[in-house]
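Heads up: the protein sequence lines correspond to chains R and B, in order. Read in order, the letters of the first sequence are residues 1 to 239 in UniProt numbering. Read in order, the letters of the second sequence are residues 1 to 239 in UniProt numbering.
The hints are simulated quantities; they were obtained by calculation from the structure and are not laboratory data. Glycine is no exception: its CB is placed at the ideal position from the N, C-alpha and C atoms. One or more of the hints may lead you astray.
What the hints assert, rightly or not - Which bits of chain B does chain R cover? Going by a derived footprint, with three or more residues having C-beta under 8 Å, they are: (1) 77-85; (2) 118-130.
Said to hold, decoys possible - Which chain R residues stay away from chain B? Per the calculated CB distances, all over 12 Å, these: (3) 6; (4) 8; (5) 57; (6) 62; (7) 90; (8) 152; (9) 185; (10) 187.
Number of protein chains: 2
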Amino acid sequence: MTRTESGIRVAVSTVILTLRRHPTPDGRLTVVLPLVRRTREPHEFLWALPGGWLGEDEGLDAAASRTLAETTGLSPSYLEQLYAFGDVDRSPTRVVSIVYWALLRSDEVDAQLAAAVDPPENVLWFDASALPTLAFDHNQIITYALWRLRNKVGYSRVAHGLLPELFTLADLREVNEAILGRRLDPANFRRQVEASGTVIPTDGHRTGSHRPARLYRYNGDVELADPGPLRAAPTIPAN
Amino acid sequence: MTRTESGIRVAVSTVILTLRRHPTPDGRLTVVLPLVRRTREPHEFLWALPGGWLGEDEGLDAAASRTLAETTGLSPSYLEQLYAFGDVDRSPTRVVSIVYWALLRSDEVDAQLAAAVDPPENVLWFDASALPTLAFDHNQIITYALWRLRNKVGYSRVAHGLLPELFTLADLREVNEAILGRRLDPANFRRQVEASGTVIPTDGHRTGSHRPARLYRYNGDVELADPGPLRAAPTIPAN
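Given these sequences and hints, build the entire structure.
See the structure below:
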């Protein structure tokens, strides 16, 4: 794209967060995300968030979905707007980036990648807690996304975004421990989750080597994501 | 500003919400906000949110503060990013608007307007629940801001943003009733607020024609606003 007269261009980028089990004996869960290796200046060869320029004839949400699919082969059912980054010095040229994010279960990721027509090139999944120096301010953007995940995303939403339909409280605790990067006391965790009403016990149990553990599902009545003005706010009559 | 080659321009707008007492016998509190009458096309003569173009050499936060001060004389200590609006047809030309918002106490508004060098022109304060047809998608933006205020802003933040330092639970309830547009049961409200830990009782009481009412203050330990990546997220070492 040619540098425009006003000198300000609009891009979109997307942070896709999922969990993978570490291939180590302890097999702990780790937050991972896909990054794309840059093939041109600025920051050629550095890793960056999937994204691209906003098209003249597409909305922000559509641009985020399109650029994510083009670069990674992923097509989440819902992308949420995270934040607009517009510092003057965040790029050698002036770029305002509207950043989206989504939480995806690893089985969703696997299914979408298996179904992608062209296998994505130059894409690798990184441990979010051990990133290299990325292009632009993308380290900072990911730090912000992880901070939001830790601070603003409740147990129910994590359950919905990162766990299968039915899960035990131990599953839910393990996911939250991976996100928070610290152990949670099982008894306290159970009390907090049960008091919150954000997950609902089912009649099912998981059996195995331990005593049977009750299966839960997330409470669909609890608002999980910021649905954005065009999805949830009352409709304004056309002017 | 000349239409750029890419055809996409970036603007900032700000939603300033405060409460005023209706000049009617019941004197109920009403959410009000300042709007600016447009003096040129498109939408000449219609009312619009205060705002303007993003400068090539200023960040998003700075542009929001500058355009708000220039158009309304207001300078809140903190503006929070609300959402980026970028639908293709939201303006006759292609404009992405980064929208900020703030809750201001009416006495803060009065003090800032009294201190403003130039009294703002073409500015009026409107009842948020009875707006005319505004320019662009600004009705929709305000509907979204009010939806966020109702759904995402807890009692503590409302107390901090819209009430003086010390307030009674009746004050806090009245403010929340104004925002929600419905009555709240006093006993239930008291229980919920006290259980939330978001406001803290003081030793003070307000005396008057009724029995003394305890004064509360907001709990500064509770996160009030989304502080944005540059304010709260852990600092990333410079690359």
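Results of checking the hints against the structure:
Check on the stretch 77-85 of chain B: 4 of its residues sit with their Cβ under 8 Å from a Cβ of chain R, so the three-residue criterion for coverage holds. Coverage of the stretch 118-130 of chain B by chain R is violated [criterion: at least 3 residues with CB-CB distance below 8 Å; count 0]. Distance check for residue 6 (chain R) against chain B: the nearest CB is about 5 Å away, which does not clear 12 Å, and the non-interface claim fails. With a least beta-carbon separation of about 5 Å from chain B, residue 8 (chain R) fails to lie farther than 12 Å from that chain, contradicting its non-interface assignment.
A cut-off of 12 Å between C-beta atoms contradicts the statement that residue 57 (chain R) is not in contact with chain B; the least separation is 6 Å. Here residue 62 (chain R) does not stay apart from chain B, with its beta-carbon only about 9 Å from theirs, under the 12 Å limit. Remark: the non-interface label on residue 90 (chain R) conflicts with the geometry, its nearest Cβ contact in chain B lying 9 Å away (cut-off 12 Å). Not every beta carbon of chain B lies more than 12 Å from that of residue 152 (chain R), the smallest distance being close to 8 Å; the non-interface claim is violated.
With a least beta-carbon separation of about 20 Å from chain B, residue 185 (chain R) lies farther than 12 Å from that chain, consistent with its non-interface assignment. The beta carbon of residue 187 (chain R) is kept farther than 12 Å from every beta carbon of chain B, the shortest such distance being approximately 21 Å.
This entry does not satisfy hints 2, 3, 4, 5, 6, 7, 8, going by the numbered hints stated previously.
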